[in-house]
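Colleague: The residues making up each chain are set out below.
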Amino acid sequence: MTSINKFTAPDHYLVDDLLTEEHKIVRAAVREWVNRSVKPFIEDNFEKAIFPKTLIKELGEIGAFGPFIPVEFGGAGMDYISYGIIMQELERGDSGLRSMASVQTSLVMYPIFSFGTEEQKRRFLPKLATGEMVGCFGLTEPNHGSDPGSMITRFKDMGDHYLLNGAKMWITNSSIANVAVVWAKDENDVIRGLLVEKGMQGFTAPETHGKWSLRASITGELVFDNVKVPKENLLPGAKGLRGPLSCLSSARYGIAWGVIGAAMDCYDAAMRYALERKQFGKPIAAFQLQQKKFAEAITEITKAQLLVWRLGVLRNEGRATPAQISMAKRNNVEMALHIAREMRQVLGAMGITSDFPMMRHMMNLESVITYEGTHDVHLLITGHEITGLQAYK
Amino acid sequence: MKLLVLIGNVPDTTTKIKFNADRTAFDASGVQWIINPWDELALTRAMELKETTGGAVETITVANVGRQETEATLRKALAIGADKAIRVDADVRDAFYVANQLAQVCKGYDLIFAGIEASDYNGAAVGGMLAELLGIQSVSAVSSVQIEGGKLHLIREIDGGSQSVSVATPAMAIVQKGIAKEPRIPAMRGIMMARSKPLEVVQPVDTEIRVSFESFELPPAKAACKKFSEEQGKELMHALREEAKVL
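Taken in sequence, the protein lines are chains A and B.
Note that my numbering numbers the first sequence so that position 257 is 257, with each residue one more than the last.
Note that my numbering numbers the second sequence so that position 203 is 596, with each residue one more than the last.
Simulated from the structure, these hints should not be mistaken for laboratory data.
A portion of the hints provided could be inaccurate.
[Unchecked claim] The list that follows gives simulated cross-link-like pairs (lysine to aspartate or glutamate, EDC-like), each with its CA atoms no further than 20 Å apart:
1. B:574 - B:487
2. B:574 - A:276
3. B:615 - A:58
4. B:590 - A:22
[Stated by the list, open to error] Covered stretches of chain A (chain B as the covering partner; in silico rule of three or more C-beta atoms under 8 Å from a C-beta of chain B):
5. 21-31
6. 58-70
On a predicted model such as this, the values are computed, not experimentally measured, just so you know.
Glycine included, every Cβ here is placed at the ideal spot set by N, Cα and C.
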């Protein structure tokens with residue numbers, strides 16, 4: 001029946017009052033799905049490094065892919081706060097699961113919707129929304145991470161097609177993707193987006209193994225060896241870095257919400273443990289040093305909740321700037337990682353086992369603090385914004 | 394066929410129950426409200442019937458008695474897939490009051506689903522009373538509903554087994570666990586579509602209040618566990634017999 005899971009979401013500042021009834025239905029729906037389809041299996045999947053592919057169809061069914069994409073293209077036409085709430089609930093399950101959905105929504109559906117032709121939108125978006133198709137996004141290269149403008153992946157105009165050469169790295173969904181949104185330079189050094197499809201000759205997507213993070217999610221490479229890309233697969237609306245960076249803004253926005261889910265999961269599990277676990281004749285939650293951890297955690301969660309709520313309002317109004325999104329991503333990921341570590345300590349040795357979610361969240365968040373703009377780069381984005389002076393190079 | 398599902402608005406089953414100072418009313422502050430779990434299963438089964446009977450089910454309506462704050466629960470039912478909602482704008486009182494309010498909006502349906510009880514007050518009375526007020530047959534403890542050739546085939550759970558019955562319409566099925574496997578989760582598109590589905594508000598009819606709540610008591614707190622070592626078999630037996638009085 002409903003609510004078999006004992007999770008209680010912390011809401012110290014009654015942030016719920018800032019949400020609509022519809023937002024709460026969205027949250028309850030995704031929370032219930034995560035309780036039912038993710039929580040019972042995720043520790044095992046993580047341990048065995050298996051991405052649960054059956055979840056792709058279910059994510060499509062509940063509408064977790066492209067919720068803000070208009071209904072005519074398979075989305076739900078929802079606002080950005082709903083998108084954020086979905087990401088929060090998925091990441092309460094696992095950051096790898098949220099990453100999969102983030103990529104599909106913000107890095108694949110968003111650019112096709114924003115920069116694609118009508119034909120591209122009709123061909124790809126409805127199937128990406130249902131999960132019938134999976135997408136990935138290729139920007140980072142082996143030698144170009146924080147400096148994507150220096151990328152060396154290129155394509156040449158061969159008259160009736162483009163010829164693509166190069167490689168991309170650290171690509172979520174790579175080996176299972178039917179379509180990759182690949183950013184590459186044309187002959188005039190302008191960065192353009194190409195839709196590279198599975199099965200195109202010369203295109204391979206080997207999986208990266210040996211990760212100690214995002215183990216229940218697929219990461220890999222994209223290798224292009226003289227890949228013939230049909231001309232109709234060029235995204236006409238994006239020229240220059242602005243294209244991929246706008247996708248990253250959408251994804252980072254979702255991450256800023258998502259990681260709160262991971263933090264809440266750690267906080268909730270540790271709180272319940274600390275109220276039950278007794279030492280020296282009383283629950284360990286009664287000790288000052290444990291209360292310090294919890295008091296600081298709830299303070300940080302509350303700040304993070306208010307930050308993303310305001311950011312969501314701004315994004316709904318079309319006023320959220322990349323720098324504001326950057327600040328929320330940076331603040332919230334660090335907050336979640338710190339809370340995962342502190343809450344792990346509350347549990348003592350029990351905290352390192354897969355009976356509790358802290359170690360898994362902590363290991364996942366080490367990726368989240370690095371991808372979609374590293375923690376340091378986001379600091380420099382804020383620095384640039386407030387001083388007007390660049391310090392990237 | 395027109396289906397109606399009665400929807401109860403109840404506290405989330407994980408809610409910590411509190412009462413006001415003189416224990417005469419439930420303290421609803423900070424409570425998350427959900428669809429009564431049995432009603433949610435009933436709605437799920439109604440949706441399955443609509444999807445699998447090749448047009449035999451024309452519409453699914455949901456109805457409740459409650460104030461405006463209960464509309465979120467009805468909206469969730471619409472998001473799951475109901476076509477229309479009706480709310481009788483009144484506070485929930487005793488079972489007869491609720492049944493009498495519902496009777497005015499439950500006419501003209503071929504099959505009405507009621508959950509076997511509400512998960513908050515465990516009244517288990519509205520479905521039967523409503524069927525009487527409507528003058529239609531009711532079948533209780535239903536764990537399966539099939540529609541074949543315009544007829545209803547139901548399975549009831551009885552002591553030690555089950556009983557298959559067929560019933561003419563209009564009818565009331567008072568359903569229990571098993572009616573659907575698990576409650577359906579609303580999809581994001583369904584949530585958005587629910588915005589534009591009709592939600593009719595109906596004024597209550599005058600009804601005598603026959604039962605009034607006097608006070609509520611919480612169950613006694615669990616006593617501390619007593620532990621016995623392997624050698625204390627006799628003491629354990631004594632405690633089970635004399636203190637726990639279970640032997």
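Colleague: Confirm or reject each hint.
Modeller: Now the hints, each set against the structure:
1. B:574 - B:487: The given pair, whose Cα atoms are some 30 Å apart, is violated under the 20 Å limit.
2. B:574 - A:276: This hinted pair is violated, its Cα atoms lying about 34 Å apart.
3. B:615 - A:58: violated (41 Å)
4. B:590 - A:22: Given pair residue 590 (chain B), residue 22 (chain A) holds - Cα atoms ~14 Å apart, limit 20 Å.
5. 21-31: holds (count 7)
6. 58-70: Holds: 5 residues of the segment 58-70 of chain A have a Cβ under 8 Å from chain B.
Comparing the model with each numbered hint stated earlier shows that hints 1, 2 and 3 do not hold.
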